[in-house]
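Colleague: Spelled out, the chains give:
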Amino acid sequence: MTKPQTQPTLGAACETCPVHNAANLLKLGVDIEGWDFVVALAGNPNTGKSTVFNALTGLRQHTGNWPGKTVARAEGGFEYGDKRFKLVDLPGTYSLLATSLDEEVARDFILFGQPDVTIVVVDATRLERNLNLVLQVAEITDRMVVCLNLMDEARRNHLNVDERRLARDLGVPVVPTAARYGEGMGDLIAAVFDVVTGATVPKPHRVQSHPSELKAAVTSLTQQVQVLYPELPNARWVALRLLDGDDRIISAMRKGELGDLMRGRDPELSNEIIPLEGIAS
Amino acid sequence: MSISNTFQDQTSGGMLADSGIDVERVLANAQQLRWDIGQDYHEQLMETIYADAARIADRSVWAEGEKPRFDLDRKIDQIVTHPIWGFPVMLGLFALVFWITITAANIPSQLIADLLIGKVYPWLQNAAAVLHFPWWLSGFLIDGVYLATAWVVSVMLPPMAIFFPLFTLLEDFGYLPRVAFNLDHVFKRAGAHGKQSLTMMMGFGCNAAGMVATRIIDSPRERLIAMLTNNFALCNGRWPTQILIATLFIGALVSPALAGLISAAAVLSVALLGVLLSLVTSWALSRSVLKGQVSTFSLELPPYRPPRVLQTIYTSMIDRTLNVLWRALVFAAPAGAVIWLVANIQISGVSLAEYIINFLNPIGILIGLNGVILLAYIIAIPANEIVIPTVLMLTVLAAGLTGVGSGSGVMFQGGQADTMAVLQAGGWTLLTAVNLMLFSLVHNPCSTTLYTMYKETGSKKWTAVAALLPLAMGFTLTFFVAQIWRLIASL
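Chains A and B are the protein sequences, given in the same order.
Positions 1 to 281 (this note's numbering) are the ones given, in order, by the first sequence.
Positions 1 to 491 (this note's numbering) are the ones given, in order, by the second sequence.
Note that these hints are calculated values from the structure, not bench results.
The reader is advised that the hints may include incorrect statements.
[Unchecked claim] SDA-like mimics (lysine to any residue), calculated; alpha carbons at most 25 Å apart, straight line:
id, chain 1, residue 1, chain 2, residue 2
1, A, Lys-215, B, Asp-22
2, A, Lys-215, B, Asp-40
3, A, Lys-255, B, Ala-28
4, A, Lys-255, B, Arg-25
5, B, Lys-188, B, Asp-218
6, A, Lys-215, B, Arg-34
7, B, Lys-75, A, Arg-155
8, B, Lys-188, B, Ser-269
Chain A on its own, in the form it takes in the complex (with noise of 0.2 Å):
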C-alpha cells in the first residue's frame, strides 16, 4: 500500500477548488474492496444524512424526508487522492446513550468500529439542537468532522451560520454544505482527506462545567481507566460512562472488547491492520 507521504502535498487554493475535487472524487458505489480508510457518517434524523452518503458515493439509496428513514447500516465507497474510502452511513440519532436499537448500532460503530474519520452531518437551521450529539461524538473520537448542512435552507430561512466560529468553538473542522445541490461536497472530502493524513489534527471541545466534587470522581475514574489501557483515546467518555452505569460499556470491558480501542490511532498501525480487516471481511 503507498504510504501518506508519498502523497503530494496539495496547495491550500487547490483543495479549495471545485474543479480540482471534482476531477479527484471517483464515486465507487458498492465496489469497496480494499479501502484505506473508513468514515462513518452520523447525525439527528432527517438532516440529509443519507444525501450527503449518495452525493460522496454515487448510489441512490432512497432518501425520505422524515425522520428515521435509515434504520440499518449502509456501506459505499469513493475514492479521492489515491485513497480508497468506505463510507458507512449509521442511523440517525439524537443521542449516543443507547437508548434503542438504532442509538446503540450508530455508538457502537463509532466506538468500536473505530472509524478514520467520524462526518457529523448537522441541520444548520436547528444547529443548537444538532451541536448535542456532535459534542457526545466528540466525547468519543478525535477525528471528526462537522458538515453543516441544509445551508440552502438556512438561507431561505435568513439564517446567518458563522462556520469559522463554530469551527474554532468546537475544535474541529467544519463544512457549510447543501447536500441536495451537491454544494461543498469537494470542501467536505478535503477535509475528511486533511484529518486522515494528519494535514489537520482536530481538537475536540468537551464538555467541562462539572460540579466540582463530580470531577474529582471523573478525574479519579478517568486516571484508572488510562492504566487499565494506556493508549485509550477516550479514556474520560469511558468513565463518563462508567458513572453513568452504561451497561454495554462495562459489558465491553469485561469481555476485552475495549482493547479494539487503543488500535488505530497511530497513522502507521493503523495502516498495517486495516489490510488484515479488508481480507477478513
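Using the hints provided, position chain B relative to the given structure of chain A.
Modeller: Chain B only, in chain A's frame:
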C-alpha cells in the same frame, strides 16, 4: 472479522497481564463513585451538554434582520395538521393523485399494448414459423413467456410511471410525516405505537420495507403489532391491481365524465379500509395476545422542502417503477411458462389447470370470487404484481376462448377494452371485481415480506400468524360481502 477479533484479544490480554489494576477493580470503584455522586448525575451530564450546545450555537447563529415576515411552513402546517381540516385535505390530496393516475394511464397503456401485442407478437409468431419451431416451443416461449411479460409492461408501466413520481413528490415535499402526525393519536387509541403511522406509510411503498422500518419502534410488543398489521397498507405490487379493476368495473358504472373520479374514489376507499383494518387489528391484538402499556415518543415535523421535480421523477422511475416492473417481469416470465404448461399438460383429455380450477371453484364462488382467481393467488405468492396477468391467462383458458396461438393458454390482445372482454367472458360480475379488490387488500403478504419478517423477528410462529391472520380475515370479509350482496340481489 475473525482476524481483527484475534488481534483485540491478544492486545487486551497482554495489557492486563502487565498492569497491576484489573477490570473488575475499576468497575467496583466506578460503582462506589456512582453511589457517592448521587442519582442526578445523568441529568447533570445532559444539562451540561445542552448548555454547551446552546452557548456554542448562540455564538455562531443569528437571524438576518428581524423575524421572517411570513412563515410559510407554519401556515401550511396549520392547515394540513388542523384537527378538522387535516383529514379532508389528506383525502383530497390522495384522491387527486389517484385521479391523475387513472385518467392519464389509459392512453399510453393502449399504445404500448398495440405495439407489443398488436405488432411485435404476430411478427414473433411469423419468425417462429419461418424458423420451423415446433408448436410446443413457440407456444411455450411466445404464447407463454412473451405474452405474459408484454402484458405486464403494457398494463403496469403507465400507471406506475405516473403514480410513483407523484407519491414520491408528496414524500419529498414533507407531507407524509404530517399524515403520520394526523394519524398518530388514532393509532395510540388503538393500543399501537404512534410511530406505527410512519411504518405504515413505508408499507404503502413496500411491505418488506415496512417490516424493516418497524425497527424504529423500541418496544417489542408494539413492534410486533406494527409488523402484523403492515400488510394492510397497499403496496406497490397491489396499487396497479386496484387501479385497473376500479377503472374497468367501478368507473364503467357511471358516465365517462365521472368515471375517473369514481374509480379514484374506489381505490381511495380500499386504501382507507386498509388503514381502518390496521387500526382494528392493532386494537384487537393489543387487547388480547399482545397486551401492554402504550409508550410515548415525540414526532418531529420536518420543514417543507421544495421537491426537486426532475430528480424526483428520475429516482422514482429508477427506484420504484423500474424495480417493481423488473420484479414483476422476473416473476411473470416463469409464471407465464408455468401457466402455459398447466394449460397444456393433459390428463385423460382434461388439462391440469382445469382440474385445479374446478377443484378451487366451489370455494371461490362461496366468497364471491372464482377458482381462477384463487389459483392465480397461489401462483402469485412470490409477487403480488402478477396476479392480474395470471388471472387473465387462466381466465382465457377456463372460458375456452380461442384466438391467436396454436396451443391453448393465451388468446387475448391486451389493452383495457380487451381485458374487460376477457374478464366478462370468464364470468366476472361487479361482485367479483369488488371482492377481488378486497381480497387484494386483505390476504397473505408476499413471500419476500414474510421472509423479511422472519429475519427480523426470528420467530416462525409470528411469521405464520402474519401470513394466516390476513388470509383468514380476507376469506371472512369476502364471504360476508358475497352473502349480503347475493341476499340483496335476490330481493
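Colleague: Each hint needs a verdict: does it hold in this structure or not?
Modeller: Outcome of the hint check:
| no. | hint | result |
| --- | --- | --- |
| 1 | A/Lys-215 - B/Asp-22 | holds, 23 Å |
| 2 | A/Lys-215 - B/Asp-40 | holds, 14 Å |
| 3 | A/Lys-255 - B/Ala-28 | holds, 16 Å |
| 4 | A/Lys-255 - B/Arg-25 | holds, 15 Å |
| 5 | B/Lys-188 - B/Asp-218 | holds, 15 Å |
| 6 | A/Lys-215 - B/Arg-34 | holds, 13 Å |
| 7 | B/Lys-75 - A/Arg-155 | holds, 19 Å |
| 8 | B/Lys-188 - B/Ser-269 | holds, 22 Å |
The structure meets every hint from the earlier list without exception.
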